[in-house]
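K.L.:
Letter by letter, the chains look like this.
There are 4 protein chains.
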Amino acid sequence: MNSFGRIFRVHIFGESHGVGAGITIDGCPPGTPMNEADFEPDMGRRRAGKKGTTPRVEADLPEFMSGVFNNCSTGAPLTIFFKNSNTRSGDYANLVAQPRPGHADYTGRIKYNGFNDYRGGGHFSARLTTGIVAAGVVAKKVLEGVTFEAKLIEAGGSTDIDAAIDKAVADHNSIGGIIECTIKGIPVGLGEPFWDSAESLLSHAMFAIPAVKGIEFGAGFQAARMTGMEHNDPIIDDKGTTSTNYAGGIVGGITNGNDIVFRLAIKPTSSIAKPQQTMNFETGKVEELVIKGRHDACVALRAPVIVEAMAAITMADLMLIENK
Amino acid sequence: MNSFGRIFRVHIFGESHGVGAGITIDGCPPGTPMNEADFEPDMGRRRAGKKGTTPRVEADLPEFMSGVFNNCSTGAPLTIFFKNSNTRSGDYANLVAQPRPGHADYTGRIKYNGFNDYRGGGHFSARLTTGIVAAGVVAKKVLEGVTFEAKLIEAGGSTDIDAAIDKAVADHNSIGGIIECTIKGIPVGLGEPFWDSAESLLSHAMFAIPAVKGIEFGAGFQAARMTGMEHNDPIIDDKGTTSTNYAGGIVGGITNGNDIVFRLAIKPTSSIAKPQQTMNFETGKVEELVIKGRHDACVALRAPVIVEAMAAITMADLMLIENK
Amino acid sequence: MNSFGRIFRVHIFGESHGVGAGITIDGCPPGTPMNEADFEPDMGRRRAGKKGTTPRVEADLPEFMSGVFNNCSTGAPLTIFFKNSNTRSGDYANLVAQPRPGHADYTGRIKYNGFNDYRGGGHFSARLTTGIVAAGVVAKKVLEGVTFEAKLIEAGGSTDIDAAIDKAVADHNSIGGIIECTIKGIPVGLGEPFWDSAESLLSHAMFAIPAVKGIEFGAGFQAARMTGMEHNDPIIDDKGTTSTNYAGGIVGGITNGNDIVFRLAIKPTSSIAKPQQTMNFETGKVEELVIKGRHDACVALRAPVIVEAMAAITMADLMLIENK
Amino acid sequence: MNSFGRIFRVHIFGESHGVGAGITIDGCPPGTPMNEADFEPDMGRRRAGKKGTTPRVEADLPEFMSGVFNNCSTGAPLTIFFKNSNTRSGDYANLVAQPRPGHADYTGRIKYNGFNDYRGGGHFSARLTTGIVAAGVVAKKVLEGVTFEAKLIEAGGSTDIDAAIDKAVADHNSIGGIIECTIKGIPVGLGEPFWDSAESLLSHAMFAIPAVKGIEFGAGFQAARMTGMEHNDPIIDDKGTTSTNYAGGIVGGITNGNDIVFRLAIKPTSSIAKPQQTMNFETGKVEELVIKGRHDACVALRAPVIVEAMAAITMADLMLIENK
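Chains A, B, C and D, in that order, give the protein sequences. Under our numbering, the first residue of the first sequence carries the number 173, and numbering increases by one thereafter. Under our numbering, the first residue of the second sequence carries the number 173, and numbering increases by one thereafter. Under our numbering, the first residue of the third sequence carries the number 173, and numbering increases by one thereafter. Under our numbering, the first residue of the fourth sequence carries the number 173, and numbering increases by one thereafter.
This is chain A alone, in the form it adopts within the complex:
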């Protein structure tokens, strides 16, 4: 389903070129202060307009459709909506016959028997991450004393991210990147053994972000190349602090009170200006496809705030489950 969480529970809806995109949050504690202006910092980080990102810019004003009264959450379902305004749907008409490589055009069409809204990716669009970022703002409010910091640590294989993006733009191509997220202030004891491990839940949320293709916690893939003696994090005080943090703050599926650290692989933007060779289902032949529309050279640039939002949504749920 298009829902996530047990107590702090989010439901997503909307399309890229329809009325708009929104999110409903169940389980937000009543009395959480809630003003439109609180959303602007994170919405601004998500928004396009910087180098290497699409020139389509939406105002991203959150509308509280329910659950807010006198500038506080009421405890009832909280629905936040973002109207679409700046859409140019004509750009997408040719994609029905020739699905874009790397996009959900083909899988969406088969899954939904051709009834999917294909304009701008429809429900699959990154436009939907407006709602995710908004839910993240709410989740961060719920998690007093917890901080989230996600940043792009590499793009196109380089740490000179600026240069890598300039090159991609010049090449009419796109690049991926690696995002690292650190969560501070989480108590010991969140998560469950097995299916609701903290890693299971965080990864579940992270792979819901379009373009994420990998995740690793702590030492991650490097752990596979370490010995037990190297990788084990010794405990050095009675609060459970460890001298190293190769576990990334989670042991046995349960948070151990140290920083939670994970990294995500973000694939290069699928929409590129360069012509591509791919199947045309109308002609039945592999043909050249030229993608029109406005796109990011590196979606990873705008993703950190979405990563933080997903992390906050997941942690808010775990905290409320444990009453911490």
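Since the hints were derived computationally from the structure, they do not count as laboratory data. Check before you lean on any hint, since a few could be wrong.
Since the list gives no way to pick out one identical chain from another, each pair is judged satisfied if it fits inside one copy or across any two copies.
Lysine to aspartate or glutamate pairs mimicking DMTMM-like chemistry, simulated, CA-CA at most 20 Å apart [stated by the list, open to error]: (1) Lys464 - Glu321; (2) Lys255 - Glu235; (3) Lys356 - Glu494; (4) Lys446 - Glu402; (5) Lys255 - Glu212; (6) Lys411 - Glu454; (7) Lys323 - Asp214; (8) Lys339 - Glu402; (9) Lys323 - Asp338; (10) Lys457 - Asp409; (11) Lys457 - Asp410.
These figures come from a predicted structure and were not determined experimentally.
Starting from the structure of chain A, add chains B, C and D where the hints point.
P.N.:
Chains B, C and D only, in chain A's frame:
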């Protein structure tokens, strides 16, 4: 919760040194043939006794506690139980004061206020993976025409896996490894946009396997270093076949009919014979810890069949949801 | 949570005197025809304006916020919204100090620490049933060949319903009633033993309708006064038809192919024009309360279409689970 | 699914004539004292052997399969199992051809394509209520200060229950009854508006008890015959106490701090010694059926403790959700 799935739904229970370990499966279609002997091939792959694995060997005979009649599943909840027999609980008494680095001893104690069964890791033990492998056998039966192959492709940073394990045993140390899993025969259209993406669900299941610290689909972390032109998989026929498979068989969260391919980072076994320095909560000092008991030098050796089981559990659920 | 269902899954949000009320439906099969006009017959049945119902009348025009494209459902989450227009919130200001008997004013205030939107009942309002009726319209579309008929069979203890309502209006009082619902065309085999019995799910949904205080299936409470010989429904053909239907179409929690029949007790409208004696939390004394605002003399009059909607929502989910 | 609850979550499994019947409880707080002997009082109330109940008597010794250590719950899944011993499966062989009226023989066979375990009702059997009663014992432990009292207030339409049962036994017939349950000590604020109303959840649980065909809260069906002036419960103090309790302790789906009171209609036992006329699917004709085996003249006699158990399971979940 300790459950996973919407239609084919599994519930895990048990402990390492208690009565045994088990699993209940809701939603197994009635009429699925079910004999004890069907479980032996996969149970055998999971079992200890090979080089580098613990000398504790259990017979692993599945007992059908419910849901099987006349050698077929009935459609009612199917409970499979594995009795413990070969336990030496005395080995673990000292771990209450001094939690083992890399284990859930400390996180489990805090989470459960000291009431957790600490013997052999209790409910956190890899002993519980008997039930997971058994559920995997059932899931594979449900998925006719779908194949799962997981294998260890690297251990201790080397592809000469045999030599790497010999060295770890000689060093009284342990090593991690990388497992690659390929799923063939999955139709187009499984998974949902956002939270129930095929990647979200598979990663959720995989991080429930003890020792998994990373997952990547298709090109994975390498995708972060590719350009869009390189990474996009062009479609070359009307069944959606792509000429490359950098996406690992999943686009927009939905399976695209190509092989699903993912890799897992497995950390080195946490229990090692080498002495370690870590907190003793009784004395309040960091002291030497020597772990007794019987352990694997490389848990990744026994993990492939568990990975296949988790993949099959996840795919059985998605297939039954879509009625494919 | 404010959700219901496993495959056809509904999420409710909104308030009586806020922006509006809405519903999101996950799992609606793609390609279901969807026009605003399709909703008018059932919305009209729900709407006020008839004798004994409140003079507050809303236009109840459904807005498709997501999930509809080219007049068909897309398969993505389907959100339908009803804007509020005809609100007079000033009427409710005095209810904060003196909660109305029979209403959720007091329980809502304690549950939400005083942050609930108290205007017109806020999220507890029957205004929210617009979304339920809309989801019912969608569910009925999904259930081709199944019919739902709910009707008021008794009001104020009388079958002369018209006269009973006239009297209640004249008395500045209100009355309850009994609604009977019959579902035809359901196949054998829906529902589960124990917690997801067809009766469990239907009753779960029905008690979500404001003012429902009882439910009985088939012979219901009368069954408690029958013998087994009288109550058992003999099967008389190879389709499972029974000569009597005291079971109300459900045996062992599973539908048996006969008509599903149940009755609901609807309490009298809580808001009445007559003065009532109840606690004033500001003065700390029991005092007279006079309720202003516009209210129904008999909410049971407008409830049948809501009952049908809830029945259709429940049955659509069960049908999609069983792929019937 | 065969699960219920969000935090305190139960999963049922087993069969009447298989290995046994069991229940797994997720979310039981760690440190809850847990001895076999604690279960005997409620298990004894459920057990057969009294007048009008089947002479099949099982010892009903709970076996803790997981989740208990040093006589306390650990916080891990708690599985309790009841082995079957006193079974006479031969009694049921003829029911495959000729399903018993009032039983799930026919619906179960169609639902499970003939693979269901038909012996003694298989998974549909009241034998499964052992696990429910056991979970109720655990739930009552979790709910300190809350009391549950369910009693049979009417059988066969009479309050002279003893005489009514004597008559049914003499007639080789069976009778139904009405059970009233009162829950004391519940705080204000449990339950949600709409689908997770306290009434929705309690009724969901109650209809999972075999033979329940109706439920009413407070005045219930009588409320449909009252006026608003009569039915509204005025609040008389600052704790929310009401002078009457026609609402049965729940207003707007939320508990109001007064006693929760509900009544259940229990149908007469379906298995009766009298011959019945019903379809024989082998011969294709309606024929006489004589039911062998051992059965209760009035299942309602043994049901009160099951009703209490279901109420406690539901309330434990709601309390843990609200952290009360």
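K.L.:
Does each hint fit the structure? Answer for all of them.
P.N.:
For each hint, the structure was consulted:
no.	hint	in the structure
1	Lys464 - Glu321	neither (34 Å within a copy, 40 Å between copies)
2	Lys255 - Glu235	both (8 Å within a copy, 13 Å between copies)
3	Lys356 - Glu494	within (17 Å within a copy, 26 Å between copies)
4	Lys446 - Glu402	between (46 Å within a copy, 11 Å between copies)
5	Lys255 - Glu212	within (15 Å within a copy, 26 Å between copies)
6	Lys411 - Glu454	between (64 Å within a copy, 13 Å between copies)
7	Lys323 - Asp214	within (13 Å within a copy, 42 Å between copies)
8	Lys339 - Glu402	between (39 Å within a copy, 15 Å between copies)
9	Lys323 - Asp338	within (19 Å within a copy, 40 Å between copies)
10	Lys457 - Asp409	between (66 Å within a copy, 8 Å between copies)
11	Lys457 - Asp410	between (67 Å within a copy, 9 Å between copies)
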